[in-house]
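*Asks:* The letter at position 49 of the sequence shown is residue 49 when you use this note's numbering, and the numbering goes up by one with no holes.
Everything labelled a hint here was simulated from the structure, so no lab data went into it.
Beta carbons: idealized from backbone N, C-alpha and C, even for Gly.
Just so you know, not all the hints are guaranteed correct.
No more than 25 Å apart at the CA atoms, straight line, and that leaves these computed lysine-lysine pairs for DSS-like [claimed, not checked]:
1) Lys212 - Lys92
2) Lys109 - Lys92
3) Lys109 - Lys169
4) Lys212 - Lys169
Label-pair restraints from in silico Cβ distances [what the hints assert, rightly or not]:
5) Ala139 - Asp164: 34 to 42 Å
6) Glu136 - Lys109: 38 to 46 Å
7) Val190 - Trp224: 29 to 37 Å
8) Val238 - Trp172: 20 to 28 Å
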Amino acid sequence: MGLQIAFVIGLAAVHIFASRLRKLSAVPRSAWLSLAGGVSVAYVFIHIFPTLSDAHETINAHGLLAVLEHNAYIVALIGLAVFYGLEQAATKHSHKGQQDESVNFQKLKGVFWIHIGSFSLYNALIGYLLVYRNNELPAIIFFFLAMSAHFLVNDHGLVRHHRDVYLSKGRWVLATAVVVGWLLGLTVDVSEPIVSLLYAFVAGGIVLNVLKEELPEDRHSRFWPFALGALISTVLLVFS
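Build the full structure now, drawing on both the sequences and the hints.
*Replies:* If you want it as structure tokens, here you go:
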């Protein structure tokens with residue numbers, strides 16, 4: 001329990017303090033952000049995707065969920081699609097706000113809260129899954145490290161889209177969401193198939209949220225730090 005408390009506080013602290021790391025906002029993209037992206041993506045491909053195979057078997061054995069032949073992977077795809085849609089909406093409206101001062105402020109504010117609300121749910125799921133990893137010490141350590149790196153990447157993207165309102169309000173909401181999700185994990189027990197679906201949704205979100213930060217040309221991302229992060233994470237996961 002003590003380790004879990006330390007990890008959930010650590011995850012929340014990433015959102016609270018990441019904005020103080022000014023070098024992360026540099027162009028070309030900070031090597032540390034690319035390294036963090038590599039760690040997150042490797043965690044998904046080496047650890048989460050194999051877990052989805054087990055989740056698929058678990059889900060197929062239970063009631064109505066068995067109707068979908070590849071349900072765990074479908075949920076992962078849904079997670080990816082949801083966050084792709086959110087990114088497109090945020091990018092579209094943030095560009096409009098920069099180019100046209102007459103753009104409705106309330107509409108921009110609404111997009112911000114939709115974006116933050118979705119990431120709050122996402123963070124709460126990650127906080128909940130921190131409890132789910134409770135019985136496996138190496139697994140919970142790798143989960144914490146990978147999600148910390150992932151939160152760092154997400155925080156950078158949210159600052160880029162919503163800067164002032166995110167720094168004043170959004171980061172605190174996301175930090176709180178992690179803690180709330182963890183507390184729900186301690187008090188609300190759901191079935192293994194549902195936990196597997198949550199894990200699948202988070203997997204899809206991680207893939208999209210990392211790659212959308214690394215792939216666009218205007219980010220001037222760095223391949224070698226990204227590859228190094230992926231390599232380090234892979235070696236640790238395979239040989240742990």
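*Asks:* Next, verify each hint and record whether it holds.
*Replies:* Here's how the hints hold up against the structure:
no., hint, verdict
1, Lys212 - Lys92, "14 Å, holds"
2, Lys109 - Lys92, "13 Å, holds"
3, Lys109 - Lys169, "12 Å, holds"
4, Lys212 - Lys169, "23 Å, holds"
5, Ala139 - Asp164: 34 to 42 Å, "38 Å, holds"
6, Glu136 - Lys109: 38 to 46 Å, "42 Å, holds"
7, Val190 - Trp224: 29 to 37 Å, "41 Å, violated"
8, Val238 - Trp172: 20 to 28 Å, "37 Å, violated"
When each numbered hint is compared with the structure, violations occur for hints 7, 8.
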